[in-house]
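Now for the letters of each chain:
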Amino acid sequence: MPTLDRNLLHRYGLLFVILLVGLGLTLTTDTFLSVANLTNVARQVSINGILAVGVTFVLLTAGVDLSLGSVVALSGVACATFAHPGDHPVFVPIVVGLLTGAACGLVNGVLVTRGGVAPFIVTLGMMTISRGLALIVSGGRPVANMSNELTALAGDFLGIPIPVLCFAGVALAAWFFLRNFRLGRHIYAVGGNENAARAAGVPVERVKLFAYGLCGLLTGLAGVVLAARITTGQPNAGQAYELDAIAAVVIGGTSLAGGVGTITGTLLGVLLIGVINNGLDLLGVSSYYQAVIKGVIIVGAVWLDRRQARS
Amino acid sequence: MLRALELRKDFGGLTVLHPTSVDFRPGEVHALMGENGAGKSTLMKVLAGLYRPDGGHVEWRGARADFASPLDALVAGIAMIHQELMPIPDLTVAENITLGTEPCGRFGRIDRPAQLRRAKELLQELESEIDPSKLMRTLTVAQTQVVEIAKALGRQADVILMDEPTAALSDHEVAALFRAIARLKARGVAIVYTTHKMDEVFRLADRISVLRDGRLISTAPANELDPAKLISLMVGREMADVFPKRSLPTGEILLEVSGLTREPAYRDVSFQVHRGEVVALAGLMGAGRTEVVSAVYGLQPASRGVITFKGRPLVIRSPQDALAAGIGMVTEDRKGLGLIPALGVDQNITLTALRTLCRGQLIDHRAEAVTVGARLEELAVKASRPSQPIAQLSGGNQQKALLARCLLGDPDLIILDEPTRGIDIGAKAEIYALIQKLARAGKGVLLVSSELPEVLSLAHRIVVLRRGSVAATLDATETDQETVLRHAMPL
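These protein sequences, in sequence, are chains R and E. Take the first sequence: its letters are residues 1 to 311, numbered as in this note's numbering. Take the second sequence: its letters are residues 312 to 802, numbered as in this note's numbering.
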C-alpha cells in the first residue's frame with residue numbers, strides 16, 4: 001500500500017482490538033458468539049450509541065455536553081407523562097420526548113454562543129437543572145402506566161430490536177451528514193480553528209447552536225427509547241450516561257480539542273465498550289471490578305491511540 | 312563550540328532546511344541572513360532543541376548532542392530569544408524573567424526579594440527602566456521584547472540564539488542591546504543573530520552566513536562583505552525580475568472609506584480604491600493598518616465612519632457581510648485567523664466558497680476535487696496530495712492556499728494583509744504576479760505590507776498611516792522609500 005491514511009489505520013486498529021476481545025470471549029465463554037447474545041450486545045449499546053453520535057457533533061466543535069444523562073431522564077419522564085393508554089396517539093409522547101431533549105440542547109447552545117459561557121459550565125448547570133426538572137415533573141416517582149404502542153418501541157422489527165435500528169439509522173444519517181453536508185464541513189472548521197472559520201465566513205454561532213441542538217434531539221430520542229425499554233419514565237435514570245458516551249467518542253479517535261473525529265470511529269468506540277461490558281458480565285466479573293477494568297481500558301485505549309498518533 | 316553537521320529538516324515531505332553545516336565560536340557574533348522563509352529560524356530552532364533534525368546532528372563541545380527538548384539545550388547552555396514573543400501575561404516581569412530559574416528558599420519557597428533583585432540586575436544590564444514588579448500584560452511590545460532578552464541573559468548560557476531581537480525595539484533600546492551583546496562577547500559567549508536590518512549586521516557581526524531557500528549559500532567574515540554583495544547573495548536574483556509591470560486602473564471607484572474611526576486604534580481614515588488599482592497601506596508597526604483593513608472586512612468593525620462599496624453604503628458587521636458584498640481578505644495572522652490546521656489543503660481552500668460547490672446543501676465532491684486540482688496547479692501549491700493537512704505545508708504554500716480560498720469566491724475587492732510575510736522569494740514573486748493579474752482583471756487590491764520595496768513596486772497609490780491617522784496619500788510612481796518613511800515616522 002502506498003500511503004496509509006492515519007485515520008484508516010486508526011479505524012482498523014480499533015476494529016482489530018474489538019475482534020481480538022471478541023475472539024478472547026468466544027474462546028473463554030460458550031455464550032458470547034451466539035445470535036441471542038450478539039443481539040443483546042447490540043440492544044445494550046444502542047442507547048449509548050445514540051448519545052455518542054449526538055455528542056460527537058458537540059465534541060467536534062470543541063465543546064462538551066455533560067447534561068446527556070439528566071436530559072435522557074427528563075425526556076423519558078416527559079414522554080411517559082404523555083404516554084398513558086388512550087390519552088394521545090403514539091406519536092405525541094415520542095415528539096414530546098424528542099422536543100424536550102432538543103429544547104435542552106438549544107438552551108445549552110444559546111448560552112454557549114450568545115452568553116459566551118464555557119460549555120463545561122453551561123452543560124454542568126443543565127445537568128442538574130434537567131435532573132431537578134425530571135424530579136419535579138414526576139413528583140420524584142417513576143411515571144408508569146405507559147401505552148403498549150409506546151413500549152413496543154423496545155421490541156423487534158423483522159427480528160431486529162427497534163433501538164438497534166434507531167441507532168443504526170442515526171449513525172448512518174450522521175455519517176452521511178458530516179461527509180456530504182456543507183454544515184457538516186463547517187462543524188469541522190469551527191472545531192479546528194474557530195476564529196479562522198469566522199474569518200472565512202462560516203456562521204460559527206449557528207453551527208454551534210446546531211451541534212448542541214442536534215445533540216439534544218438525539219438525547220431526547222435516547223430518553224424515549226429508554227422509557228420504552230424500562231416501561232416507565234424514570235427521573236433517576238441515565239446517571240453518568242454522558243461519561244460512557246464521551247468515552248466511546250474519544251476512544252473512537254475524536255479529539256476533545258475539536259475538529260478531528262469521525263462517526264465510524266464513534267461507532268467502533270461504542271462497540272468496544274459494549275463488548276467489554278458484555279464480556280465482563282459473561283465472565284461473571286463483579287460489578288465493582290467491572291468499573292475499575294472499564295476505566296483502565298478507556299484510558300489505555302486513548303493512551304495507545306495518542307502514542308500512535310505522535311509517532 | 313557549537314556545530315551543525317549536515318542538519319536537515321523536513322515539514323510534511325518538503326525540505327525546509329537542506330543539509331547545512333556551520334560552526335559557531337565563543338566570543339563571536341555570527342549573523343544568519345536570508346529572506347523570510349530561507350530557513351534561518353528553522354536552523355535556530357533545531358540548534359535550540361525545539362525541532363528534531365531529520366538528518367545530520369548537532370555537535371556541542373566536541374560531542375554529538377541530541378537535544379530532545381528546549382530544556383535539554385538550555386541545561387547544556389544554549390538559550391534562545393524567539394521571534395514570536397512568548398510572555399505569560401498574568402505573571403510579573405520578575406516572574407517571567409526568572410521563569411524556571413526562580414531563586415528558592417527552603418522547601419522550594421520562592422525568595423521574592425531575591426527574584427526582584429535578580430530581575431532588576433538583568434534589566435539594568437540592558438539599561439532598561441522597566442519595573443520588575445509590573446504585570447507583563449501592561450508592557451508595550453518593545454518592553455516585552457526587552458524582558459524576553461533579559462530572560463535569555465539570565466540563563467547564563469554559553470550560546471544565545473537571537474531570532475530578530477530588535478524587530479520591535481526603538482533605537483535607544485537597540486543600542487543598549489548591542490552594548491549588552493558586546494559584554495557577552497567579552498565573556499566568551501557565542502551569539503547567533505538574525506535580523507532584517509542591514510546596518511545592524513555590519514555593526515555587530517563577526518561572521519555572516521547566508522541562507523536561501525533552505526540552503527546555506529556562504530559563510531564569510533563580515534569584513535569581506537558589503538551590503539550590496541550581501542543582498543545579492545540573499546536574493547539570488549535582481550529585484551527587477553521579481554516585480555511585474557503595473558497595470559493601469561480604470562477609474563471607477565470600487566471602495567470608498569471615509570471617516571473610519573475606532574479609538575484608540577485609528578481615527579478619521581479616508582481613502583479610495585478604484586477598479587484595477589492596487590492601493591497600499593503603509594506605516595510602522597502599530598500604526599493601525601491591520602485594524603483598518605480588518606474593519607473593512609468586518610473582523611473588527613469600526614465604531615464610526617462610512618464604507619461605500621460599488622457606489623452603495625455598506626454596513627459590515629462580520630466577514631460574512633463583507634464576503635456577501637464581494638470583499639475577500641487574506642489575513643496577516645495565518646495561524647490564528649487563516650488555517651484550519653487539521654483539515655486538508657482541499658477543504659481549507661473551498662471553505663469560504665463552499666456554497667458554489669454544493670447542490671442544495673450537499674457538497675458536490677467531484678466538483679470540489681476538480682476545482683481544488685485546478686487551483687493547486689494554477690498557484691503551484693506544493694502538497695503531497697490535496698487532502699494533506701494544511702498544517703504540514705510550508706509557509707509559502709499555506710499562504711498560496713489561503714489566497715486560493717479568498718479568490719475562489721471571486722471577490723471584487725481583495726484585501727491582502729502582509730501577503731508575503733514569512734515566505735520564500737519564489738512564492739513572493741508568484742504572489743506579486745498574481746496581484747498584478749487581479750488588478751488587470753479589474754479587481755481592486757488593498758495591500759498592507761511592511762516591505763517598502765514591495766509597496767513601491769506593486770501599488771499605484773500609497774496611503775501612509777501614522778499612529779492611526781492618514782499622514783499622506785502618495786502616488787507610488789512619484790515617491791521613494793525615504794518619503795514614505797518620513798510620513799510614517801512619528802514626529
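Any given hint could be a false lead.
[What the hints assert, rightly or not] Distance condition first, Cα-Cα at most 20 Å in a straight line; then the derived SDA-like pairs of lysine to any residue:
| # | chain 1 | residue 1 | chain 2 | residue 2 |
| --- | --- | --- | --- | --- |
| 1 | E | K445 | E | A463 |
| 2 | E | K646 | R | E194 |
| 3 | E | K646 | R | T128 |
| 4 | E | K496 | E | G388 |
| 5 | E | K431 | E | E475 |
| 6 | E | K646 | E | E729 |
| 7 | E | K431 | E | A387 |
| 8 | E | K508 | E | A539 |
| 9 | E | K646 | R | A62 |
Treat the hints as calculated values from the structure; they're not laboratory data. Quick caveat, the model's predicted, so the values are computed rather than measured.
Consistency of the hints with the structure:
Proximity of K445 of chain E to A463 of chain E is assessed by CA-CA distance (about 19 Å); at most 20 Å being required, the pair is judged to hold. Using a Cα cut-off of 20 Å, the hinted pair K646 of chain E and E194 of chain R holds, with the two alpha carbons roughly 11 Å apart. With a C-alpha separation of about 38 Å, the suggested pair K646 of chain E and T128 of chain R falls outside the 20 Å cut-off, and the hint is violated. For the proposed pair K496 of chain E and G388 of chain E, the alpha carbon gap of about 15 Å is at most 20 Å, so the pair holds.
Restraint check: the Cα-Cα separation between K431 of chain E and E475 of chain E comes to about 24 Å, which exceeds 20 Å; the hinted pair is violated. Of the pairs offered as hints, the one joining K646 of chain E and E729 of chain E holds, with about 13 Å between alpha carbons and a cut-off of 20 Å not exceeded. Note on K431 of chain E and A387 of chain E: the hinted pairing is violated, with a Cα-Cα distance of about 25 Å set against a maximum of 20 Å. Taking the CA atoms of K508 of chain E and A539 of chain E, the gap is about 13 Å. The hint holds against a cut of 20 Å.
Distance restraint check for K646 of chain E and A62 of chain R: the Cα-Cα separation of roughly 17 Å lies within the 20 Å cut-off, and the hinted pair is therefore satisfied.
Consistency with the previously given hints fails for numbers 3, 5, 7, ordered from lowest to highest.
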